[in-house]
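Undergrad: Kindly generate the complete structure, drawing on both the sequences and the hints.
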Amino acid sequence: MYRYDNYDQTLVDERVAQFRGQVARRVAGDLTEDEFKPLRLMNGLYLQLHAYMLRVAIPYGTLSSKQLRKLAHIARRYDKGYGHFTTRQNIQFNWINLEETPDILAELATVEMHAIQTSGNCIRNVTADHFAGVAADEIEDPRIYSEIIRQWSTFHPEFSFLPRKFKIAVTGSPHDRAAVKVHDIGLRMHRNEAGEAGFEVLVGGGQGRTPVIAKTIRPFLPKRHLLSYLEAILRIYNQLGRRDNLYKSRIKILVDSVGVDRFTQLVEEEWQQIRDGYLELPAAEIERIRGYFAPPPYRAFDDKPADFEAQLRRDFRFGRWVRTNVTPHKRPGYAIVTLSLKPVGGIPGDATDAQMDAVADLADRYSFGEIRVTHEQNLVLTDVAKSDLYALWQRLVELELATPNIGLAGDIIACPGLDYCALANARSIPVAQRISRQLGDLTRLLDIGELKIKISGCINACGHHHVGHIGILGVDKKGEEFYQVTLGGSADENASLGDIVGPAFSADNVVGAVETIIDTYLTVRQGGERFLDTYRRIGLAPFKEKLYAAH
Amino acid sequence: MPLIRTTGPVEDPWTTLKDEDPLPADGAIIVTLARWQANRDALLARPGPLGIFLKSDQPPSLIAADIERFDVIALNFPKFTNGRAYSSARLLRERYGYRGELRAVGNVLRDQLQFMLRCGFDSFEVSATADVATWLKAFRDFSLAYQPATDARTPVTALRQRPASARRIDHDEEDAPPARRSDDDAAVEASVVCAGYWAY
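Residue numbers (the numbering used here), protein chains in the order written: chain A, 1 to 551; chain B, 552 to 751.
Bear in mind the hints are in silico, worked out from the structure with no lab data behind them.
Glycine is no exception: its CB is placed at the ideal position from the N, C-alpha and C atoms.
Incorrect hints may appear among the rest.
[Said to hold, decoys possible] No farther apart than 30 angstroms at their CA atoms in a straight line, the calculated lysine-lysine pairs in the DSSO-like style are these: (1) B/606 <-> B/569; (2) A/165 <-> B/688; (3) A/165 <-> B/606; (4) A/165 <-> A/248; (5) A/544 <-> A/478; (6) A/477 <-> A/248; (7) B/606 <-> A/248; (8) B/688 <-> A/37.
[To be verified] Now the stretches of chain A that chain B is said to cover, found in silico as 3 or more residues with beta-carbon under 8 angstroms: (9) 33–39; (10) 151–161; (11) 237–249; (12) 277–287.
TA: Written out as structure tokens, the structure is:
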């Protein structure tokens, strides 16, 4: 993974010193809360319902075991013993004291971590495919370009006060696990007719109040032009994006209002002026960064080790876990293991300090000391030898990190909701917990098959409900929590936005509504059809009929 | 409002005119874009230096053809959270070749000074209550920059390409990369010359 050199370290250390000064000025009353707010937000520090919340950047979801141990330490020392992994591949600590934040940032800096640009109207932490480097279908490792973008965007002097926040996602594979079509900029690597790898550039995707699927403004961008093209897009947005209305200030609104053709023309014109300038990426720089993401020292293994095959046959529960939580690896004899942070009835994305420490140890022992965080709020060990899977699984069971539900209905995404968040209209976590318990039977989950349930506690859509196969949005109706349900959303390469089924359900009825939707699917599905396939075939009506007949 | 440069407070010889203010016979004046567009000939015929004030929604392309007429261009930050003028500043310096004084006015706060400097601003109208001595330190909050911008600072990407023995942070005399920069004002003065990003 990427390692800081003296330059990276100096910048992060100077940021800690700067923020320490800003906090001191705030505490002394030299800064008003209005003046302090954008400064703390640029360091990921939010004022939530009960306390300050600190959002720590995990660039493109990659962590070393040492970094994860530091996060465990922070959870223990400065918080209540847990952290929450988010849909942005970051981690949030929910119970933070303002005065301690400079010390926390200083501790993070010792392990090459920070909270820079995890909030505020700037270019946010860049996200990428959590299977980067190990996916069989990968063209190039997206972490290389994510790191190049991270450095270019960090403290960018022109783009630190944009009209609104700005999110960039990168995928290096045809199968999009990074949801690039619902980001302000999505970069999808592919090959042109000459066989050269480059990026399809998509702009203006997003969720929130106005969900939009991103539009392609350049089908193929050579890699050397990556930064100049991004700079051109950001410059057009910074100049023309609306600043008079919070809800109309994202780039998707600009693209929509001027039209994608005109927007593309503006970007291309700006880019022509700067494309051959100092932002051109030399191949040597790409190779230098690529060196940091070189494959670990894999050993030559049989792809079907006899002990693993025997364990699969012997232990039904192990086999079930392998089926759901283990993904094929590009190297023979290795596997990608997803650790479920979705225990039945648990809080999606939460991990205790003890779990984090234990996962760090397991990463050291079984996976070259590296961990990934997924936007679906789970953790991944990317490089586990198949013959180690059984021992790893046994340990994960003890840690309650082996729930065999990845990609299934129990693998629910949920934002923190009204239990923590100052923006929320309704609680998300208890709904997720109730659905999870209701669908707790693992055999049934397997029968239902792939089903992504995503829950947001407000229209800002941190829980990605618009792109859930079943999406649930908390709304406030005269002081009471209600839940609007959408069907048919998807965040992959065939992205789509969910359709609203009808009037919202009460907190008491929403779990039953999900049951009804699933039961309806089970009665009408054909062959091995996934929920999403069935929905796309038959549409909203059959579900609607059952839902509103039943309630 | 006090005016500062990276070197410290400076006298401000300029008078900023509102549209309804009468045109003084002489002296250095900064006028609005509307006045410039309406009274261009009279303003050019007048003795004394001329400056222009652009609101954040007035792009510099509107004065691109007349860049050499102005000794000061003042770009407004109506709120410090409105960052349009950062792009305007870079375009004026890098696209239109403006070499005169580029002044940040409006809601100019200490914690944005270094961003402004990097985008080509070289004078800053600050609040009357600003503690100038501590504000000046903000120009040096960061001794390094990852990305090239309008200032002359050598970005990290280019520094990395230098042989270790020749690595210096900008114009600093010290060799070691992580050292904080000494007080070399020339190093933080804005420049219209862009440093090479990669130096391969």
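Undergrad: For the stretch 151–161 of chain A, count the residues whose Cβ lies under 8 angstroms from any Cβ of chain B; is that count three or more?
TA: Coverage by chain B holds for the stretch 151–161 of chain A (11 residues, Cβ < 8 angstroms).
Undergrad: For residue 606 of chain B and residue 248 of chain A, compute the direct alpha-carbon distance and say whether it is at most 30 angstroms.
TA: holds, 21 angstroms
Undergrad: Is residue 165 of chain A within 30 angstroms of residue 606 of chain B, Cα to Cα?
TA: holds, 23 angstroms
Undergrad: Check whether the Cα positions of residue 165 of chain A and residue 688 of chain B lie no farther apart than 30 angstroms.
TA: Roughly 28 angstroms separates the two Cα atoms, so the pair holds.
Undergrad: Would the pair residue 165 of chain A and residue 248 of chain A pass a check requiring their Cα atoms to be no farther apart than 30 angstroms?
TA: holds, 12 angstroms
Undergrad: Has the stretch 277–287 of chain A got at least three residues whose CB is nearer than 8 angstroms to a CB belonging to chain B?
TA: holds (count 8)
Undergrad: Given the hint that residue 544 of chain A pairs with residue 478 of chain A, test it: the Cα-Cα distance must not exceed 30 angstroms.
TA: It holds: about 25 angstroms lies between the C-alpha atoms, which stays within 30 angstroms.
Undergrad: With a cut-off of 8 angstroms between beta carbons, are at least three residues of the stretch 33–39 of chain A near chain B?
TA: Answer holds; 3 residues pass the 8 angstroms Cβ test.
Undergrad: Given the proposed pairing of residue 688 of chain B with residue 37 of chain A, does the C-alpha separation stay at or below 30 angstroms?
TA: The given pair, whose Cα atoms are some 21 angstroms apart, holds under the 30 angstroms limit.
Undergrad: Cut-off 8 angstroms, C-beta pairs, minimum 3 residues; does the coverage of the stretch 237–249 of chain A by chain B stand?
TA: Check passed, 3 qualifying residues.
Undergrad: Are the Cα positions of residue 606 of chain B and residue 569 of chain B separated by 30 angstroms at most?
TA: holds, 13 angstroms
Undergrad: Quick one, are residue 477 of chain A and residue 248 of chain A close enough, alpha carbons at most 30 angstroms?
TA: holds, 24 angstroms
Violation of the numbered hints given earlier is absent; every hint is satisfied by the structure.
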